[in-house]
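Generate coordinates for the entire structure from the input sequences, incorporating the hints supplied.
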Amino acid sequence: MLEALAAIIKGLSYIAAFVAVGTVIARASLEGNLVRPSPGPTSLIWWAGIALTLAACGTAALFFIRLGGNADSTTLDAIFLSKLGVAFALQLIGGLWIASFAGRPIAVLGTALILLSFGVVGHSASRGLLTSLTIVLHVAGAAWWFGGLFMLLLASRASDVNHFPTLIARFSRQAVWIVGLLLVAALGTASLLVEWRFDASLGYQQGLLTKLGLTAFLLALAGVNKLVLTPRLAGPGTARLWLRRMIAAELLLFLAIMATTAYLTTYLSPHDRNDSMHGSGGQVRASGPIDIIAPWAPAMPKGARTAAGYMEIANNQMIEDRLVAASSPWAEHVTLHASNMDNGIVRMREIAALPIPADMRITLRPGVFHLMFTDLYTPFVAGDTVPLTLIFERAGKVEVTLHVRPLGGGDLGGHGH
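Counting from 89, one number per residue, gives the positions in the sequence shown under the numbering used here.
Wrong hints could be hidden among the right ones.
Said to hold, decoys possible - Restraint ranges, calculated between C-beta atoms of paired labels, are given here:
| id | residue 1 | residue 2 | range |
| --- | --- | --- | --- |
| 1 | Leu-297 | Leu-343 | 12 to 20 Å |
| 2 | Ala-308 | Ala-288 | 20 to 28 Å |
| 3 | Gln-262 | Leu-340 | 19 to 27 Å |
| 4 | Phe-286 | Ile-194 | 38 to 46 Å |
| 5 | Leu-340 | Pro-389 | 41 to 49 Å |
| 6 | Ala-327 | Phe-305 | 19 to 27 Å |
| 7 | Ala-304 | Ala-327 | 22 to 30 Å |
| 8 | Ala-426 | Asp-287 | 22 to 30 Å |
| 9 | Ala-246 | Val-316 | 20 to 28 Å |
| 10 | Phe-286 | Ala-382 | 35 to 43 Å |
| 11 | Phe-305 | Gly-325 | 36 to 44 Å |
| 12 | Leu-297 | Ala-246 | 32 to 40 Å |
| 13 | Phe-168 | Ser-279 | 48 to 56 Å |
| 14 | Leu-307 | Glu-283 | 25 to 33 Å |
Just so you know, these hints were derived from the structure itself, not from any lab.
Please read all numbers here as calculations on a predicted model, not as lab measurements.
The beta-carbon is built from N, C-alpha and C at its ideal position, and this holds for glycine as well.
This is the structure:
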């Protein structure tokens, strides 16, 4: 439920950010030196700034609930002193700034803050400075396109018959360069996220293909607008009406792309090599003769970036199998660890695979074996259900749901590196 709500809020924040940032940037680039700039975008920018502010507050409130809802110093530090807190502050201040100065050139400072927020958190930020830079360029270009379309739609309904053709002409000239930069940044970001290795069988890559298909359709509509409808504006006929409809269709395609992006960034990970598709309906779903019994994970202290997972694995085959990989959309990496006693201290080491003899069971439990989740995208809170994909050498893929228990609810033992 909270994940679905997070995806919805994220999608709404994308729309608000793109309208606010895009309209401010597009207005500056398209209406510069015009004697009579259109008044419509000012109210649109104001509403978008307010909507982004509310979405940022909703994101912070949802994160607060995910952390347990306790207004203690640890929880507040996790919200306001984390990267998520930085992004929240940038969007909050940027949204308020844009709303306060919607009709003035100084509003562009708010757009800079909002654009920076996209490079602070999320999948792109997890890959370092280069992907943060490419995603900021990508968002800036996409926002200009989105905001420019809104301005064109408003101008197409205005009474000034000369204003709309002027904006269309300027938009067409600028779009050649800005959309080109947008596509280069988008392809660069995607390639960096999947580490230049594309596998169409993986969920995240399928999402990227969906976005690519929607973008191709969007470019096709833009081409029709530029090459077919725009030249006919000067003459009689219904070119203006058809152009308005095509612009509305482009905006709808943009909304579909944003919805896809919200789903990808909420449920899937670009670093998942084993397709951790969201939506495992039950506790266990095996693609081979492997049973998973009682999968669980302990809740972790607030602010923790790691977590552990435990379960019992039953190999029902007549031949040995091995657990060779694991992944989850909740963490950057999931690795297999074994624990051993060293001078009275339980220490753990990463292992490449876990053998499971034929017709036998192996238990992942504290002090013996466990799955280590590192660089969590979101903390493990008691009551959560965490999707997990296990890959076995022979049985293949097994999708599991870990049930998070209260901290101290199980025998966690001690460990160290």
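- Query: Checked against the structure, which of the hints given earlier come out wrong?
  - Reply: Violated hints (numbers, rising): 11, 13; every other hint is consistent with the structure.
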